[in-house]
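Novice: All chains should be built: construct the whole structure from the sequences, respecting the hints.
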Amino acid sequence: MKKEIDLKWNGKMSFTSVLGDHKITVDAAPEFGGENKGPGPKTLIMVSLAGCTGMDIVSLLEKMRVDFKTFNIKVEAEISDEHPKKYNELKVIYELTGNNIDVEKVEKAVALSEEKYCGVWATLRPGVKMSYEIRLN
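Its first residue numbered 0, the sequence shown is counted upward by one per residue in numbering that gives the first Met the number 0.
In short, the hints are calculated from the structure, not lab data. Even for Gly, the Cβ is constructed at its ideal location relative to N, Cα and C. Honestly, I wouldn't trust all of these hints.
[As the list claims (entries may be wrong)] Straight-line C-alpha distance at most 25 Å; calculated BS3-like pairs for lysine-lysine:
hint, residue 1, residue 2
1, K128, K84
2, K68, K104
3, K84, K104
4, K104, K85
5, K7, K85
6, K73, K104
7, K85, K2
8, K7, K84
9, K41, K22
[What the hints assert, rightly or not] Computed spacing ranges between beta-carbons, pair by pair:
hint, residue 1, residue 2, range
10, T69, L111, 15 to 25 Å
11, F31, L111, 30 to 40 Å
12, K68, K1, 19 to 29 Å
13, N35, K68, 16 to 26 Å
14, G97, P125, 13 to 23 Å
Specialist: Rendered as structure tokens:
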């Protein structure tokens with residue numbers, strides 16, 4: 000399978016891509032020559048990771064009949080001080096609330112996402128230290 004995007008320069012540090020019905024603009028902060036018209040590219044990597052694993056886990060937990068009420072994902076990053084300023088470490092924090100959530104099922108869903116389903120996690124794992132934490136209620 001092959002995927003392709005088209006990213007057009009808007010001027011200064013801003014670029015926009017149209018992905019189907021969605022428009023995404025990336026930009027830099029003013030101190031880096033941008034106008035802050037959108038998130039930075041590295042931040043979108045964190046969003047992609049959270050979205051990818053989150054969709055896996057929702058699907059898996061629903062199949063396991065886990066009754067959760069809220070689900071929030073945070074991603075914490077450690078970025079190198081020197082150029083290229085890359086992610087050295089990413090920690091995904093899964094926060095779920097609900098009645099009688101079976102922690103073993105949540106752990107299984109997270110493990111399946113991490114090890115089998117989430118393509119973003121698999122893409123990042125070889126070059127970035129990856130970890131996670133589960134927080135219930």
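Novice: Decide, hint by hint, whether the structure agrees.
Specialist: So, going through the hints one by one against the coordinates:
Proposed proximity of K128 and K84 is supported: the alpha carbons are some 15 Å apart, at most 25 Å. Among the hinted pairs, K68 with K104 is consistent with the structure: their alpha-carbon atoms are about 15 Å apart, no more than 25 Å. Using a Cα cut-off of 25 Å, the hinted pair K84 and K104 is violated, with the two alpha carbons roughly 36 Å apart. Distance restraint check for K104 and K85: the Cα-Cα separation of roughly 33 Å exceeds the 25 Å cut-off, and the hinted pair is therefore not satisfied.
Taking the CA atoms of K7 and K85, the gap is about 23 Å. The hint holds against a cut of 25 Å. With a CA separation close to 20 Å, the supplied pair K73 and K104 stays within the 25 Å bound. A distance of roughly 24 Å separates the Cα atoms of K85 and K2; the hinted pair therefore holds under the 25 Å criterion. Between K7 and K84 the CA atoms are separated by roughly 23 Å; this keeps the pair inside 25 Å, and the hint holds.
Annotation: proposed proximity of K41 to K22 holds, straight-line Cα distance about 17 Å (limit 25 Å). Under the hint 15 to 25 Å, the C-beta atoms of T69 and L111, about 21 Å apart, fit the expected range. Look at F31 against L111: about 39 Å separates their beta carbons, and that is inside 30 to 40 Å. A beta carbon spacing of about 40 Å between K68 and K1 contradicts the range 19 to 29 Å that was offered as a hint.
At about 35 Å, the CB distance of N35 to K68 disagrees with the hint of 16 to 26 Å. Taking the beta carbon of each, G97 and P125 are about 34 Å apart, not inside 13 to 23 Å as hinted.
The earlier numbered hints that this structure contradicts are 3, 4, 12, 13 and 14.
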